[in-house]
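As they're listed, the protein sequences go chains A and B. Heads up: the first sequence begins at 11 in my numbering, then just goes up one per residue. Heads up: the second sequence begins at 64 in my numbering, then just goes up one per residue.
If you're looking for bench data, these hints aren't it; they were derived computationally from the structure. Accuracy of the hints is not assured; some may be wrong.
On the chain B side, residues computed to face chain A include the following (Cβ under 10 Å) [to be verified]: (1) Arg104; (2) Leu108; (3) Ala119; (4) Leu122; (5) Val195; (6) Tyr203.
Even glycine gets a Cβ: it sits at the ideal position worked out from N, Cα and C.
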Amino acid sequence: MIKRLLILALLMGVAAPWAHAQESYKGRWWRLPAVAEKMQLTETEIRQLDNAFEAARDPMIELKGRVEIEQKKLRALMEQSTLDEKAVLSQHRKQEAARTQLADARFAFLMQVRKIIGPDRFNKLLEIRDEERKLWNR
Amino acid sequence: MKFEREPHLTREELLAAAVDLKDIAATRSTHLNACPECRRRHERLTGMLARLGRTAQDLAPAPSRPFRLPESRNSGRRLFTKPLYLIGFTAALLLAIVIWQPQRGSDPSTEPITAAALAQDRHLMQSIDALVENALPAPYQALASIQAPQRNIETTIEDDFFDWIVPNVGTETVGKSLS
Chain A
11 MIKRLLILAL LMGVAAPWAH AQESYKGRWW RLPAVAEKMQ LTETEIRQLD
61 NAFEAARDPM IELKGRVEIE QKKLRALMEQ STLDEKAVLS QHRKQEAART
111 QLADARFAFL MQVRKIIGPD RFNKLLEIRD EERKLWNR
Chain B
64 MKFEREPHLT REELLAAAVD LKDIAATRST HLNACPECRR RHERLTGMLA
114 RLGRTAQDLA PAPSRPFRLP ESRNSGRRLF TKPLYLIGFT AALLLAIVIW
164 QPQRGSDPST EPITAAALAQ DRHLMQSIDA LVENALPAPY QALASIQAPQ
214 RNIETTIEDD FFDWIVPNVG TETVGKSLS
């Protein structure tokens, strides 16, 4: 029993950092030491990226909620036995307008990232992305 | 002579004159100067007092350390200079704290972020990406994709870039890591 527990603990000890590495790959990429090192990000820049993300997060959450509301309205119209085509199209436009606003907010954050790291390192980020893509496609 | 007609100085007058000649009347002072008897008594008295002072000085123990008489608390200068000094010191201290505080705020060291917070942000961005990619209600997405034309392979930099930063759920790339 003790032996099993020890093996389980060992596996958990190995798995936990691995799982963390897998999860932390997405989202705040600047928090990944490998990316931060490749990009030569300073501590100040990492913090600026954090601040930019935190500033963009709340508006994005709000806009995301708006899209989801419009989605639900559209679905409700689509589920009616008699299809009101005009109302459905109108609602679809509203949903798309909300989606565009969300996309704009997301893109505004991307511009903030570019402003913080500068054009050269922004291109470097694209290069890193391409390198990673080649690795994935092997 | 005139002083011979005047009475000699009394004991009290001699004592007063020994302290200060101005303490006795001008006429008595003139008499003291002119009368040999009174002058002799005056000199003997002052000499005796001087010797007494020297003896007291010789016999008194020397102070272990110099001392000063306390200044009057009513001194106007002391009353105002000390609070001003304290106010100045406090103001300087506050100024230093105010100046130091923003520098502390700009300390470049980043605070660690918990794995839970990172995961939360990751899920948020994933769901945002999914919505931006296709905002149709979930049941209609698959239906729409059947009828929709093939998506152009050349995606925009924006979409492509976000796909890399926040890969979609379920893709093969999830397990890969940067190394």
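Checked hints:
| no. | hint | verdict |
| --- | --- | --- |
| 1 | Arg104 | violated, 96 Å |
| 2 | Leu108 | violated, 91 Å |
| 3 | Ala119 | violated, 78 Å |
| 4 | Leu122 | violated, 78 Å |
| 5 | Val195 | holds, 5 Å |
| 6 | Tyr203 | holds, 7 Å |
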